Amino acid sequence: MTVAAEILPLAETLAPADQQELSAAVRQACADRTSVYPIGGGTSLDFGLPAKQPGVGLSLANLRRVVDYPARDMTITVEAGITMTELAQTLAAERQWLPIDAPQADVATLGGVVATAFCGPRRYGCGTMRDYVIGISAVDGRGMPFKGGGRVVKNVAGYDFCKLLTGSLGTLGVITQLTLKIRPLPERSALMVCDVADFAGAEKLLAALVNSGTTPAAIELLTGPAWRDDLALGPIDRGAAARLVVGLEGTESEVAWMLEQLAAEWQAQGVRSSRALADDEAAELWSRLREFPADREPPLVLKASVRPGRTTEFMQAVLKLDPNASLAAHAGNGIVIARFAEFQAADVSRRLIGVLQPAAAALGGHAVVLCSTLGDLTRQAVWGCVDEATAWMGRVKKQFDPQNILNPGRFVFSDG
Amino acid sequence: MISSVMPSLVARLRQIVGVESVLSAHSELVAYECDGFVIEKNCPDVVVFARTTEEVAEIVKTCNEFSVPYLPRGAGTSLAGGCLPVGGGVMIVLTRMNRILEINLRDRYAVVEPGVVNVWLTNALKGTGYHYAPDPSSQGACTIGGNVATNSGGPHTLKYGVTVNHTLGVEAVMADGSIARFGGPAEDPVGLDLTGALVGSEGTLAIVTRVWVRLTRNPQGVRTMLGVFDSVDDATNAISEIIGAGIIPAALEMMDQGILVAVEAAFHFGFPLDAQAILLIEVDGLEAGLDGQRDRISELCLQCGAREVRHARDPNERLLLWKSRKQAFGAVGRLSPSYCTQDGVVPRTRLPHILRRIIEIGRKHDVRIVNVFHAGDGNIHPILLFDERDHAQTARVLAASGEILDECIACGGSVTGEHGIGVEKISFMRKLFTDDDLEAMNHLRTAFNPEGRLSPAKMLPTAGACGLEQKSPGRRAAL
Numbered sequence: 017m018t019v020a021a022e023i024l025p026l027a028e029t030l031a032p033a034d035q036q037e038l039s040a041a042v043r044q045a046c047a048d049r050t051s052v053y054p055i056g057g058g059t060s061l062d063f064g065l066p067a068k069q070p071g072v073g074l075s076l077a078n079l080r081r082v083v084d085y086p087a088r089d090m091t092i093t094v095e096a097g098i099t100m101t102e103l104a105q106t107l108a109a110e111r112q113w114l115p116i117d118a119p120q121a122d123v124a125t126l127g128g129v130v131a132t133a134f135c136g137p138r139r140y141g142c143g144t145m146r147d148y149v150i151g152i153s154a155v156d157g158r159g160m161p162f163k164g165g166g167r168v169v170k171n172v173a174g175y176d177f178c179k180l181l182t183g184s185l186g187t188l189g190v191i192t193q194l195t196l197k198i199r200p201l202p203e204r205s206a207l208m209v210c211d212v213a214d215f216a217g218a219e220k221l222l223a224a225l226v227n228s229g230t231t232p233a234a235i236e237l238l239t240g241p242a243w244r245d246d247l248a249l250g251p252i253d254r255g256a257a258a259r260l261v262v263g264l265e266g267t268e269s270e271v272a273w274m275l276e277q278l279a280a281e282w283q284a285q286g287v288r289s290s291r292a293l294a295d296d297e298a299a300e301l302w303s304r305l306r307e308f309p310a311d312r313e314p315p316l317v318l319k320a321s322v323r324p325g326r327t328t329e330f331m332q333a334v335l336k337l338d339p340n341a342s343l344a345a346h347a348g349n350g351i352v353i354a355r356f357a358e359f360q361a362a363d364v365s366r367r368l369i370g371v372l373q374p375a376a377a378a379l380g381g382h383a384v385v386l387c388s389t390l391g392d393l394t395r396q397a398v399w400g401c402v403d404e405a406t407a408w409m410g411r412v413k414k415q416f417d418p419q420n421i422l423n424p425g426r427f428v429f430s431d432g
Numbered sequence: 227m228i229s230s231v232m233p234s235l236v237a238r239l240r241q242i243v244g245v246e247s248v249l250s251a252h253s254e255l256v257a258y259e260c261d262g263f264v265i266e267k268n269c270p271d272v273v274v275f276a277r278t279t280e281e282v283a284e285i286v287k288t289c290n291e292f293s294v295p296y297l298p299r300g301a302g303t304s305l306a307g308g309c310l311p312v313g314g315g316v317m318i319v320l321t322r323m324n325r326i327l328e329i330n331l332r333d334r335y336a337v338v339e340p341g342v343v344n345v346w347l348t349n350a351l352k353g354t355g356y357h358y359a360p361d362p363s364s365q366g367a368c369t370i371g372g373n374v375a376t377n378s379g380g381p382h383t384l385k386y387g388v389t390v391n392h393t394l395g396v397e398a399v400m401a402d403g404s405i406a407r408f409g410g411p412a413e414d415p416v417g418l419d420l421t422g423a424l425v426g427s428e429g430t431l432a433i434v435t436r437v438w439v440r441l442t443r444n445p446q447g448v449r450t451m452l453g454v455f456d457s458v459d460d461a462t463n464a465i466s467e468i469i470g471a472g473i474i475p476a477a478l479e480m481m482d483q484g485i486l487v488a489v490e491a492a493f494h495f496g497f498p499l500d501a502q503a504i505l506l507i508e509v510d511g512l513e514a515g516l517d518g519q520r521d522r523i524s525e526l527c528l529q530c531g532a533r534e535v536r537h538a539r540d541p542n543e544r545l546l547l548w549k550s551r552k553q554a555f556g557a558v559g560r561l562s563p564s565y566c567t568q569d570g571v572v573p574r575t576r577l578p579h580i581l582r583r584i585i586e587i588g589r590k591h592d593v594r595i596v597n598v599f600h601a602g603d604g605n606i607h608p609i610l611l612f613d614e615r616d617h618a619q620t621a622r623v624l625a626a627s628g629e630i631l632d633e634c635i636a637c638g639g640s641v642t643g644e645h646g647i648g649v650e651k652i653s654f655m656r657k658l659f660t661d662d663d664l665e666a667m668n669h670l671r672t673a674f675n676p677e678g679r680l681s682p683a684k685m686l687p688t689a690g691a692c693g694l695e696q697k698s699p700g701r702r703a704a705l
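Residue numbers (this note's numbering), protein chains in the order written: chain U, 17 to 432; chain P, 227 to 705.
There are no misleading hints in this set.
What the simulated footprint calls covered on chain U by chain P, stretch by stretch (three residues with Cβ under 8 Å from a Cβ of chain P suffice, anywhere in the stretch; the number is not a length):
| hint | segment |
| --- | --- |
| 1 | 81 to 95 |
| 2 | 142 to 151 |
| 3 | 155 to 164 |
| 4 | 178 to 187 |
| 5 | 267 to 274 |
| 6 | 323 to 333 |
| 7 | 343 to 353 |
Derived lysine-lysine pairs resembling DSS-like cross-links, with alpha carbons at most 30 Å apart:
| hint | chain 1 | residue 1 | chain 2 | residue 2 |
| --- | --- | --- | --- | --- |
| 8 | P | Lys549 | P | Lys385 |
| 9 | U | Lys319 | U | Lys336 |
| 10 | P | Lys267 | P | Lys657 |
| 11 | U | Lys319 | U | Lys68 |
| 12 | U | Lys220 | U | Lys336 |
| 13 | U | Lys414 | P | Lys287 |
| 14 | U | Lys414 | U | Lys68 |
| 15 | U | Lys319 | U | Lys414 |
| 16 | U | Lys197 | P | Lys385 |
| 17 | P | Lys657 | U | Lys414 |
| 18 | P | Lys385 | P | Lys352 |
| 19 | P | Lys657 | U | Lys197 |
| 20 | P | Lys287 | P | Lys267 |
| 21 | P | Lys352 | U | Lys220 |
| 22 | U | Lys319 | U | Lys220 |
What the hints contain is simulated information worked out from the structure, not anything from laboratory work. Quick caveat: nothing in here was measured; it's all calculated off a predicted structure. Even for Gly, the Cβ is constructed at its ideal location relative to N, Cα and C.
With the sequences and hints as input, model every part of the structure.
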């Protein structure tokens, strides 16, 4: 927990043995008006605004049991502190998986991934975390344990706390247990790649992919130094603006058909050369695609979400400001992850708030900061605009955490 | 409601929406006294038809000013009393807000008003290669606003997910009369997922006036088959085997002999009337994988004792099969004067158990029960047949219903998979959830609806909504 203490203003860190202990710790903190910082794998403690209120860390390290795994029902109930790798190994033993690509899976916990709603390339074909959580238990800001959903795949009894808490950054409750709907592992996972000369050409291919005969699991548009000489992709074509990578998953026969089909479609659309990656190359590239947002070197990592058809426009807006930025877009979904090479403190108001956030808004979406080394960022800089929706979120927050002790000051709420 | 305020309330509402859009005569109001849940009835004091978001906002502000309860209503096909105006008040009918505002195929979404009928959207998408995936059996009548309120399912939600999985955002009139928007065409909206919280909230948190829905590509191919079984046990075991083998069909439905007889009389599909159960199984996706999946499913069915597995020969035969399934409830009228449908959920491996228990419970209470349901999701819909003029029989039906739902809970399941809690199942909430869970749900309601004027006495067993004592079950319109 040394890492957590470097990022969070912690007086101490508790590691409760179970939900009951955790609940007692939060109840105590509520009585003392002490801030509480839930800690999973510690991979996203710098996500959101920097924590300033001194408080206690609440580690989920001891809540990592597999509670119930009825594999034939294709559901699993686990405690929130289980790592993504451990979860994946448990599921793989039954040839099943949770198709959410979380970076740093060996330390990142399921609870943390649910709280941050992180989601990688496969979101195009497989959806996001909100599509998989069917039951959730948490402890609110008074120390009261509560749950929503259940253990069956279809259930509309009561309010959907699974959705409310997914992506809530631990501000409404400390997530302690989750039930997930899971999927069978695909037999084969392949990647097809081609280089594109310019962004107009890239958008043509992206628009065509939406209507492709294939059913991609992932559609990734990559550009910048990080991808120029990628080991699996090889050196980029001279003069090419970006590389388009398409993930194809399914049975052997489905994937074989899709590889041929996509090659034919691309050829008909004027792509001069495309290739399918060998299985080991593909596995490596999947991993680099997954880990891309977790690179903590750059001064700023931004995540924008725009209408899918406007993805390339936002990428160009980023490159105009920083030609050396590295970008990975989940282009089928309009998500752009931008790792800036150059970003000064003065650029926050000038470029982030002044240019990039309005650019994302003009393209139907928004931009938020995933992490930065720039120090003290404002709420406007990290989370973007404040609107009537945020006010309603604040009202929900007040109900679940009246003393504002859960992850105070880090999320979108206007008064903490 | 205090009748002294009625004249001025009605006058004000007429100013907002026009004279012809306000109903206040009892003879007109009686049509709105219930939804598909007909056991409890109560007339609203006023019915208002809104045409715009701004009109809804003005109506809500007026209700607040007059301190009267109000609630939204779509087509009224809901089955748990979500549209029942408990305590009277103003019913805001949204069926005239029925425009499809935008269809954007490049970005795979559509924007619709809440009164758009579910199937209109899919019809509007004909020829584009896209459809709107949630397909409740009442899709020819129910509205997308109502689907959002109840988080509707349907046969094909097994593979494609329920309404919330296809809802990108909503615009809503809040309980204070303000207008807010959550989410939209771009994914991962900033902050809390309030879209996700509003979907399935049964009209108790806000009134949704616009919906951004995800559009789904039509599958390249489809294979539809019919597994014919000589025992219900064999059929439910086959369901468990198919899911357990890691196959997720697009749809997997079961009908037992009782319902088959009625459906055959209505649609003349050619169902084998001596079969104890049939499974309607559909797989879709890439042609390259379909025959393999079909053969595997056939094999599993035969291993579980299926007498035969038939394949739909052409699109027409497939359509007739689905028509038979989706309109099965209409055919129940051939079996008995009244019926009562339940909506329990169990883990899929417990289907053989729950079906056996349903048969036992039927015998114990001397109630005839037939079954047609979303087997792949573990979402059962036992239909209890009776004659409501026979009070003793009626009481036995209620007892049997309660026992079936209790058994679902005992199996680790739920008392509603897609119909909602409404007023019908409030008394089961304490069996599913702890006091703390319910308090947390109250917190959410209080954040949005602090005065409790919006859809009072629904979903949560709070003061004023202690759970209705059911006197008699009634007919159900559709599933």
